[in-house]
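**Q** Keeping their order, the protein sequence lines are chains V and L.
The first sequence begins at 1 in my numbering and counts up one residue at a time.
The second sequence begins at 1 in my numbering and counts up one residue at a time.
Keep in mind that the hints are not guaranteed to be accurate.
One side only, chain L facing chain V, incomplete, derived with CB under 8 Å [stated by the list, open to error]: (1) Glu-38; (2) Gln-332; (3) Glu-369; (4) Thr-377; (5) Ala-383; (6) Glu-386; (7) His-388; (8) Asn-391; (9) Gly-392; (10) Pro-394; (11) Met-404; (12) Thr-414; (13) Val-416; (14) Arg-419; (15) Ser-426; (16) Glu-444.
Worth flagging that the hints you see were computed from the coordinates, not collected in a lab.
Virtual Cβ for every residue (Gly too), placed ideally from N, Cα, C.
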Amino acid sequence: MAINALKDYVDNDRDAVENFHGNQVVYIDWDKHRLFSGALAFPLPPSMPFAALVDELIPSVWGSHPLFKAIDWGDVEWILDDAPFSPDRAASLVENGIGHKSLLRFVTPGDNGIAGSGS
Amino acid sequence: MAAKRLNMRKRYEALTRGMGWETTHQPMDKVFPYDTYEGIKIKDWDKWEDPFRLAVDSYWKYQAEKDKKLYAIMDSFAQNNGQLNLSDARYINAMKLFIQGVTPLEYGAHRHYAHLGRHFRGEGARVACQMQSIDELRHAQTQIHTLSHYNKHFNGMHDPWHMSDRVWYLSVPKSYFEDAMTGGPFEFITSVSFAFEYVLTNLLFVPFMSGAAFNGDQATVTFGFSAQSDESRHMTLGLEIIKFMVEQHEDNLPIVQRFIDKHFWRAYRVLGLVAMMQDYMLPNSPMSWKAAWDIYFTENCSALFDDLGRYGLRMPKYHEVATAEAEHLSHQVWATFYNYGHAAAFHTWMPDVKKMDWLSEKYPNTFDEYYRPRFETFREMEAAGERHYINGLPQLCQVCQIPMVFTDVLNDPTMVSRRVSIHNNSKYHTCGDGCRDIFEFEPEKYIQAWLPVHQIYQGNCGGSEVSEVLDWYNFQPEDGGEYVGSADHQRWQEWKGTAESVSDDRTQAHAS
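Using the sequences and the hints given, assemble the complete structure.
**A** Spelled out as structure tokens, the structure:
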């Protein structure tokens, strides 16, 4: 519904992609590993290859989780904006369909966090 | 024959109602431009029942007496180094959060009740708002004066106003309040006077004041008592405004219910900060968040809404989610601050063995299953010299601005609760149905939200390095991070002449 206001309201999206100096915001989360309390936000070039996200960005952040080293990346399931997703490692984020404010989750089957607690 | 004395009500009416008139140089709608556009219809402002019935002369007298007592206690607290009687210096971190997060809201309330004191058409309502405006200013002042003593001895309390405008976690209370202030006068007064000061106030003040009493903070207890009689007047105003609106016109009911639904949810989200204060930051906790929720929300509010049912009002939407979350809230919020402790102007730490056992006892359905394994891992990482901080910034909810950390407690408490809305082909993420509904009712408002994380990435917060952003927040290097080994901790140990129980805790944790 349109906002109820005294004057016309200017539609001003403060987080439009143009405001991020060529980057887009991508949210990433590791399901059921709440040692990291929630998804993280990153400003990433849309042309960044998916491989760089998996091989460099994710380990630089989640690498401190005690279970991270045990991840078998061949088994990992990806979920992009709530739908199952098969990334192309060589393709860019945008070519993979990862857009501004997309949420990318990775799931490690059989690993539900420390002692199965979701942490 | 002497004139008959007026009773209090008549006297108050004589002092207030005569102050209004029908304007002739300008139409009333131009003189009072804000009190109709929300759709609230008022047929007769004279039906307003004055909740305060306190004229300025007696108001001044009461407040002056209270101030005299309060300032005498503050003086003696300072002269006797009252900070040394605290249960533990960890306690002060709750007061840091109070002055950073709550005191600026008191000042905001002062400003906006002054605005309402000008802009309601009915003079009874105007006078009530003017009185409350003065109360709120006084609360901000007494809090600053009381806590200034701690500012001399502990870090993180030096610049709350600047911090309130800029810091990521303080955008949570600030954005709630500004959401209310940028609504119309009826929405603001429903939000602050009813949803916050009536429905939820006991969940803020009781834990803070009894927490202060349990932890040797006589100064805070005193400002709490000094504010309490004002708060009861504010609660009366909150109830009066709700009844007044729904009695005035039947069209008002759905609007009022929507205001209640929205602002209950927004205020409740802010209280996540209180939940963690109660369960984790108080060395001696008088009551768990869950126990407080059961009494002050579930019991008291069911009774309140039973009463309001005859006006057609029902319990706020999603109250059952809030009740289910009561078993998880404090743990999730504290874990988040622990994750980002390097970017907060108060300290965080892991609970010791005794505290963890207390949490297990108070949260038998959740603590051992979901949170103890996480916290014990944090302790092990800490013992190995790898105290855990997240090297990245969180995704935030578009409405409450809290990191997206709340889980789907009704279905699977290990899965994060998320909603996404599309507006003009852009995605907006919210933390659950409560915030999603608020967004979708007025997306034009919330797409403008100043989300701290996105602002950092847009280059508006002093730089792209964490250290540059913290400078921009005016944090000092000793303000945040781990409590153990902090300057506050070291100073406390020097005062008390102890090397304290930290290492004992550690030994116990590993022995258990």
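**Q** Next step is simple, just say for each hint if it's right about the structure.
**A** Hint by hint, here is what the structure shows:
Taking 8 Å as the C-beta cut-off, the interface hint given for Glu-38 (chain L) holds, the closest approach to chain V being about 7 Å. With a cut of 8 Å, the hint placing Gln-332 (chain L) at the interface with chain V holds, because the nearest CB-to-CB distance is about 7 Å. Because the smallest distance between the Cβ of Glu-369 (chain L) and any Cβ of chain V comes to about 7 Å, under 8 Å, the interface hint for this residue holds. Here the hint on Thr-377 (chain L) is kept, as its CB sits about 5 Å from the closest CB of chain V, short of 8 Å.
A hinted interface residue such as Ala-383 (chain L) counts as satisfied when its beta carbon comes closer than 8 Å to some beta carbon of chain V; here the least separation is about 13 Å, so the hint is violated. Residue-level restraint check for Glu-386 (chain L) holds (minimum Cβ-Cβ distance to chain V is 7 Å; threshold 8 Å). Taken as an interface hint, His-388 (chain L) checks out: its beta carbon lies about 6 Å from the nearest beta carbon of chain V, inside 8 Å. A cut of 8 Å between beta carbons decides the hint on Asn-391 (chain L): the least distance to chain V is about 5 Å, and the hint holds.
Proximity of Gly-392 (chain L) to chain V holds as hinted, the smallest CB-CB distance being about 4 Å (cut-off 8 Å). Satisfaction of the interface hint for Pro-394 (chain L) is found here, the shortest Cβ-Cβ separation to chain V being roughly 6 Å, below the 8 Å cut-off. Hint on Met-404 (chain L) holds. Least Cβ distance to chain V is approximately 5 Å, under the 8 Å limit. At a threshold of 8 Å, the smallest CB-CB gap from Thr-414 (chain L) to chain V is about 3 Å, leaving the interface hint in force.
Interface restraint check: Val-416 (chain L) against chain V, minimum CB-CB distance 6 Å, threshold 8 Å, status holds. Residue-level restraint check for Arg-419 (chain L) is violated (minimum Cβ-Cβ distance to chain V is 10 Å; threshold 8 Å). Taking 8 Å as the C-beta cut-off, the interface hint given for Ser-426 (chain L) holds, the closest approach to chain V being about 6 Å. Of the supplied interface hints, the one on Glu-444 (chain L) holds, with its beta-carbon coming within about 5 Å of a beta-carbon of chain V, less than 8 Å.
Consistency with the previously given hints fails for numbers 5, 14, ordered from lowest to highest.
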